[in-house]
Amino acid sequence: MAGTGKVHMRGDEALVTVEDLVMEFPAGRRAVVHAVSGISFDILEGETLGLVGESGCGKSTTGRAMMQLPPPTEGSVRFDGVEMTELSKEDLRRTRTRMQMIFQDPISSLNPRRKVKDIVAEGLSIWHNDSGDMAVQKVNEVLDAVGLDPEVVSDRRPHQFSGGQCQRICIARALVLDPKVIICDEPVSALDVSVQAQILNLLEEMKERYGLTLVFIAHDLAVVKNVSDRVVVMYLGKVCEVAGPDALYAHPAHPYTDVLLASIPEPDPDHPVSDRQIEGELPSPINPPSGCRFRTRCEKVQDLCSTEEPVLKEIAPDHYVACHFPNEVPVSVNGNGDSS
Amino acid sequence: MESERPLLEVENLRTYFDTPRGILKAVDGVSFTLGKGETIGIVGESGSGKSVLVRSIMNILTSNAIVPDGSKVIFDGKDTRQLSRSEAKHFWGTQMAMIFQDPMTSLNPVKKVGIQITESIRYHLGASKQEAMERALELMIQVGIPEPRKRLKEYPHQLSGGMRQRVTIAIALACNPKLLIADEPTTALDVTVQKQILDLLASLQEELGMAMILITHDLGVVAGRARRIGVMYAGKMVETADTSTLFHHMNHPYTEALFKSIPRVEHQSHTRLDAISGRPPDMVLDLVGCRFAPRCRYAQEQCITEEPELFQTGQTGHLQACFYPVGSPENAEALAANQETGMTAAGLDLSAAAVS
Numbered sequence: 338m339a340g341t342g343k344v345h346m347r348g349d350e351a352l353v354t355v356e357d358l359v360m361e362f363p364a365g366r367r368a369v370v371h372a373v374s375g376i377s378f379d380i381l382e383g384e385t386l387g388l389v390g391e392s393g394c395g396k397s398t399t400g401r402a403m404m405q406l407p408p409p410t411e412g413s414v415r416f417d418g419v420e421m422t423e424l425s426k427e428d429l430r431r432t433r434t435r436m437q438m439i440f441q442d443p444i445s446s447l448n449p450r451r452k453v454k455d456i457v458a459e460g461l462s463i464w465h466n467d468s469g470d471m472a473v474q475k476v477n478e479v480l481d482a483v484g485l486d487p488e489v490v491s492d493r494r495p496h497q498f499s500g501g502q503c504q505r506i507c508i509a510r511a512l513v514l515d516p517k518v519i520i521c522d523e524p525v526s527a528l529d530v531s532v533q534a535q536i537l538n539l540l541e542e543m544k545e546r547y548g549l550t551l552v553f554i555a556h557d558l559a560v561v562k563n564v565s566d567r568v569v570v571m572y573l574g575k576v577c578e579v580a581g582p583d584a585l586y587a588h589p590a591h592p593y594t595d596v597l598l599a600s601i602p603e604p605d606p607d608h609p610v611s612d613r614q615i616e617g618e619l620p621s622p623i624n625p626p627s628g629c630r631f632r633t634r635c636e637k638v639q640d641l642c643s644t645e646e647p648v649l650k651e652i653a654p655d656h657y658v659a660c661h662f663p664n665e666v667p668v669s670v671n672g673n674g675d676s677s
Numbered sequence: 122m123e124s125e126r127p128l129l130e131v132e133n134l135r136t137y138f139d140t141p142r143g144i145l146k147a148v149d150g151v152s153f154t155l156g157k158g159e160t161i162g163i164v165g166e167s168g169s170g171k172s173v174l175v176r177s178i179m180n181i182l183t184s185n186a187i188v189p190d191g192s193k194v195i196f197d198g199k200d201t202r203q204l205s206r207s208e209a210k211h212f213w214g215t216q217m218a219m220i221f222q223d224p225m226t227s228l229n230p231v232k233k234v235g236i237q238i239t240e241s242i243r244y245h246l247g248a249s250k251q252e253a254m255e256r257a258l259e260l261m262i263q264v265g266i267p268e269p270r271k272r273l274k275e276y277p278h279q280l281s282g283g284m285r286q287r288v289t290i291a292i293a294l295a296c297n298p299k300l301l302i303a304d305e306p307t308t309a310l311d312v313t314v315q316k317q318i319l320d321l322l323a324s325l326q327e328e329l330g331m332a333m334i335l336i337t338h339d340l341g342v343v344a345g346r347a348r349r350i351g352v353m354y355a356g357k358m359v360e361t362a363d364t365s366t367l368f369h370h371m372n373h374p375y376t377e378a379l380f381k382s383i384p385r386v387e388h389q390s391h392t393r394l395d396a397i398s399g400r401p402p403d404m405v406l407d408l409v410g411c412r413f414a415p416r417c418r419y420a421q422e423q424c425i426t427e428e429p430e431l432f433q434t435g436q437t438g439h440l441q442a443c444f445y446p447v448g449s450p451e452n453a454e455a456l457a458a459n460q461e462t463g464m465t466a467a468g469l470d471l472s473a474a475a476v477s
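Residue numbers (the numbering used here), protein chains in the order written: chain Y, 338 to 677; chain V, 122 to 477.
Treat the hints as calculated values from the structure; they're not laboratory data. Glycine included, each C-beta is placed from N, C-alpha and C at the ideal position. Possibly wrong hints are sitting among the right ones.
To be verified - Each pair of labels, with its calculated beta carbon distance range:
{"id": "1", "chain 1": "V", "residue 1": "Ile425", "chain 2": "Y", "residue 2": "Asn664", "range": "21 to 27 Å"}
{"id": "2", "chain 1": "V", "residue 1": "Glu259", "chain 2": "Y", "residue 2": "His608", "range": "33 to 39 Å"}
{"id": "3", "chain 1": "V", "residue 1": "Tyr276", "chain 2": "Y", "residue 2": "Gly418", "range": "46 to 52 Å"}
{"id": "4", "chain 1": "V", "residue 1": "Thr154", "chain 2": "Y", "residue 2": "Ser621", "range": "44 to 50 Å"}
{"id": "5", "chain 1": "Y", "residue 1": "Arg367", "chain 2": "V", "residue 2": "Glu259", "range": "37 to 43 Å"}
{"id": "6", "chain 1": "V", "residue 1": "Ser324", "chain 2": "Y", "residue 2": "Gln474", "range": "39 to 45 Å"}
{"id": "7", "chain 1": "V", "residue 1": "Thr154", "chain 2": "Y", "residue 2": "Val369", "range": "36 to 42 Å"}
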C-alpha cells in the first residue's frame, strides 16, 4: 500500500491539489507518529471526493492539513491556484473563508451557550461590517436552506436540538460565508441511519444549490459511495486505491478495499454474513511496516510486499491501485463504471 | 415443564419518567419473550425507548423512573422487579450481563484491565486472586485479544476501541450469564471492527449457549445476526417477526422506512436516499392514534384518531400494528389516495417529504 505515485492526478483543471502531503507528530523520546506519509490527490470543481479508511488511517488528519490545521510537515496544498502552505497568517485567514469544515459530533462542535442565530452569523460578523439586516437575511436564508425554520430556531440554543438538527446547524454555519469547498469529517457517523439519510440528502442538495465542492471523510464505504464522484481509499497514512465509486464497488482491486466492502452489514438475512474479516490490529503509525503498509494484515502477502513499496498504477481507465498483486479488473466493464 | 418456559418473558412493560415537563412515557406497553440461547434484535431510532427497555429488564433504572403495576419481567421464572437489593447484586453479572455503546466510558480509566475483569469473578464466584486471574486470562483469549497476559496489566487508554469493547465483553461473560444484553455495541466503532465484534458475539453465543438481546438503530446489523427482530417506535413495539419473515414481508411502514433509509452499496452513487421525514414525537405529550402517523406516507383518518394494536398477521409469530400494512391492498389504496391529494391525512406533504 504505498501511496507514492501520482498517475491519478488530473493536472491543472483541479480546484484543489494535494501533493506529497506528509503529516508527522512528535510522540516523545524522539519517536514520530507518521500520520500521513506522502499522499497526493486532486479535486475538480463541483466534485465530491470521498476519503475512506479505518480510524487511524490519517483521513481526518489529511482533511485538517488541507485547512492548515495544523500546516502539513511537508508537501503542498494548492487551492484555486493559491499555495496554502506558503500563505501569510492574514492571507490564510482570508482563504479559509472559502474552505469550511463540518465535524463528526454536531453537538460538541456547537457552543452550548450561544443562540443558533449567533452561531451561524459569527462568520459574517467577523468578515462583514454590515452586520445589520443583510446578515440577518443571509442567516435566515441558510437556515431555511438546511431545512430549519429561522423563526422557530433562531433564538434557541444547541441543547434544544437533536443530533441531526445540530448537524443541520453546523452545515448552515459552514454555508454562510459562501465557501467553495466544504470538508466534511465523518458528518454522519454519530447519527442514526434514518437521520443519516436526511443529512446525506441535504448535503447533495446544498452541493447543487450552492455549487459546492466537497471532501467527504468517512469509514463506511456504503455512505461514501452514495455521495462521492471519486473515492480515495486510505490505510495507515497511504493511498491504496483511487477510483469512481461504482467502479470501486464493482471491481475492488486492492485487498484492503475488498475487506472494507465485506465489512458493510447487509440488510438482507439471505445474504450470508461474509467470513472475510480483517485480521489483527492496525500497526503502530510510529513504526509502520516496511514496503506495503497493509502487508501485515493482507491475505495475499508475498516477500516482495515487505521489501518494495507498491506505487499507484492505472489498471483500468480512471482506476488506480497501489498493490503488487491487485485483483483483476476487467477494463471494458470498468470504463462506464464511473458516474461522474 | 420447566424447560418449556422461555428464559425471558416481558409482559406489558411500561417505564415512565417523572420529568419537570411531565410524565415521559419512554416504554409504553412492550411484550416479548426470548428462549434460551436465542437472539432477538431490537431496532429503532434514538429515543424510541430501546435502551430504557433493556434497562428496565435489568432493573437498573434511575430514581425518577416509574414502572406502573402490571408490568412484568419474568427471567427464568423469577420477577426481576421483585428481587431485593442483596439478591439483585448477585443476579446482575451471573444471570444477566450488559455491554454498552461506548467502551471508553464503560471501563474505569484508572484501573488495569485485569482488575476490572477479575472484580466480578471474585465478587460473585468467590474465587481467589490467583483463580480469578487464570479465568481472566482464559476470557481474554476467548474474546480474541492478542498478547492477553500483557494486556491484563494495561489500562483502557492503551487499547484501541475494538479491543476495549472486547474487554467489556470479557467482563460481561466472566460469570457465564444466561442472557447478554448488547446495547448498540458497535455504534462507536469502525465498520471493519464492527464486523469483528459482531462475529465474536455470534461465535461466543453459540459456544456458551446464552441468549442475547442485540440493540441497534441499523437493520443491517441485525439482519444476519438475530433470529427474531422487534422494531420499536416511540416506546411501542410496532412489528416483530422472524428475521427472514420481517425482511421478506415487512408490514409496518416504519420498518419499511428504516430499511429504505440505509445507503446500499449495490445502488449507483448519488442515488437519493429515502429518508424518513420529521422526527419522533415528544413522549411527554398524550399521544393519540398511531405514533408514526405524522411521518407516514400512508396515513389515513383512522390512523390519527385510533391507536392500532399489535396483532398477528399471516405468518405465525409475525405481529404488527398498522391499519394499512405495507404490501396489502388497503396500503396501496391509502398511498394512492394520499398521492392524489399530495398530502397524508396527518398533513405530511408527500412532495416535500423527500426533502426534509
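Can you list which hints this structure breaks, lowest number first? 1, 6 and 7
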